[in-house]
Each structure stands twice: as C-alpha cells, then as structure tokens.
Amino acid sequence: DTEVTQTPKHLVMGMTNKKSLKCEQHMGHRAMYWYKQKAKKPPELMFVYSYEKLSINESVPSRFSPECPNSSLLNLHLHALQPEDSALYLCASSQGDRIYEQYFGPGTRLTVT
Amino acid sequence: GNSVTQMEGPVTLSEEAFLTINCTYTATGYPSLFWYVQYPGEGLQLLLKATKADDKGSNKGFEATYRKETTSFHLEKGSVQVSDSAVYFCALSSRGSYIPTFGRGTSLIVHP
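Those protein sequence lines, which keep their order, are chains U and C.
In terms of this note's numbering, the first sequence opens at residue 1 and continues consecutively.
In terms of this note's numbering, the second sequence opens at residue 1001 and continues consecutively.
Simulated from the structure, these hints should not be mistaken for laboratory data.
These figures come from a predicted structure and were not determined experimentally.
Among the hints, a few may not be true.
Over 12 Å on every C-beta distance to chain U, these chain C residues come out as not near it, computed from the model [said to hold, decoys possible]:
| no. | residue |
| --- | --- |
| 1 | 1009 |
| 2 | 1022 |
| 3 | 1032 |
Derived lysine-lysine pairs resembling DSS-like cross-links, with alpha carbons at most 27 Å apart [as the list claims (entries may be wrong)]:
| no. | chain 1 | residue 1 | chain 2 | residue 2 |
| --- | --- | --- | --- | --- |
| 4 | C | 1077 | U | 53 |
| 5 | C | 1077 | U | 40 |
| 6 | U | 53 | C | 1060 |
Cβ atoms here follow ideal geometry from the backbone N, Cα and C, with glycine treated the same way.
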C-alpha cells in the first residue's frame, strides 16, 4: 500500500470557524509533512514531523496547528483563517530522515470565506 | 543554499511529439534528484528519481539522467500522449536534510 489519504477533499469555512484536516498513511513512514500549494506554484513546506515529533515549523502562523497522534496520522487544525489561506493543502510522507522520495496525498482544497 | 531552476511553461505539444523539460540545480554535496508530476485536481506523484551521478531514472516512458558536470536533470519522453498533460516539478534533496527543494513547475499541454 503506497497510498496517503486525506480528508476532506474539499472544505469551505468562514473566518471564525474551527476545522481540521486529516492525513493517514500505512507505509510505516516515519516522516510526515504538511504543504500549502497555491495555483500554478510549487508546494510550500509548512510543518515536518519526524518520529511523531514536530521537527520543522516554517514560521507558519499560529492559526495553523499541527498534531501527530501516532505514526500513521497527521492532523492540521485550523482556526480564524484568512481568505489568503485558501489553497490546496497537501500531506506527504517519507521513510525517514534520509534522502527518500515523498509520497503525497490528493490534497484538501480549502476555501476561506 | 539549494535551488532548482526549471524552464518556464507552458510547453504545448502535439500528441506523439518529443518532450524535453529542462531542469538545472545548485546544491552542496551530492543531492538526490526527482521528478514529480501533478495531474489536474490531484496531489504530486513521484515520476522518477536518481540518487547519484550518471544514474538514469525512468518510468512510464519518461527518462532523466543525473548529469553532475552540467548540474542538470532534464526530463524527456519520446512520444507524449494527451494523458501526459500535467504540471511537472523537478526537485532535489541533499544529504543531511530530508526536506526537498522544488522547482517552479512546468505545465505540459498535449493536443490530440
């Protein structure tokens, strides 16, 4: 199984809402990532978890809060977002802290109204 | 620091034409190189990779050779299909850091 799953596929939320994005992988990967992707741009790294610990936070605003409940799951909690946060949010995983390729999920298309 | 430069798109081709998408890189040490593809409405998929100089990665008719002397990893396909229409990202990862650096992406449009 080389699949990374993400839910929901689409999300529309108001600026006062609280919502969560979910990501799951069953490949035994020990590194998991959140990316933000705007149209026609490469993905921008937001967070990295390595062995279930947050290892990289790319100066992401606190309205985005990541969580890694176990080695297979990754959440991104959203609160008080801005319209400019509308984007495709991608989850990815890789084997660990070596030079390995990443496996991406299909993404969550987020619209903030 | 690391960087990846890709040719600007879109690249527009007719079906069965030959494809080249140029990618050059700057990195310390000996990076691993990757091509990812993103079809409309989907996430990125690894297309091929090469981990050392002169390695050739290949998949689904696409090929790319790791050229250390020219710091390049150009993507080629001999005969493109309409289904190859997508955005292609060149990327690298350096030893000691598992965070990839992505190029800007090149959009490929293939007409019947």
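To see whether the hints hold, each was checked on the structure:
With 12 Å as the threshold on Cβ separation, the claim that residue 1009 of chain C sits away from chain U is violated: the shortest Cβ distance comes to roughly 9 Å. For residue 1022 of chain C, the requirement that its beta carbon stay farther than 12 Å from each beta carbon of chain U is met, with the minimum near 16 Å. Listed as a non-interface residue, residue 1032 of chain C fails to keep its Cβ farther than 12 Å from every Cβ of chain U; the least gap is roughly 4 Å. A hinted pair counts as satisfied when its Cα atoms are at most 27 Å apart, and residue 1077 of chain C with residue 53 of chain U does not qualify at roughly 41 Å.
Of the pairs offered as hints, the one joining residue 1077 of chain C and residue 40 of chain U holds, with about 22 Å between alpha carbons and a cut-off of 27 Å not exceeded. Taking the CA atoms of residue 53 of chain U and residue 1060 of chain C, the gap is near 36 Å; set against the 27 Å cutoff, the hint is violated.
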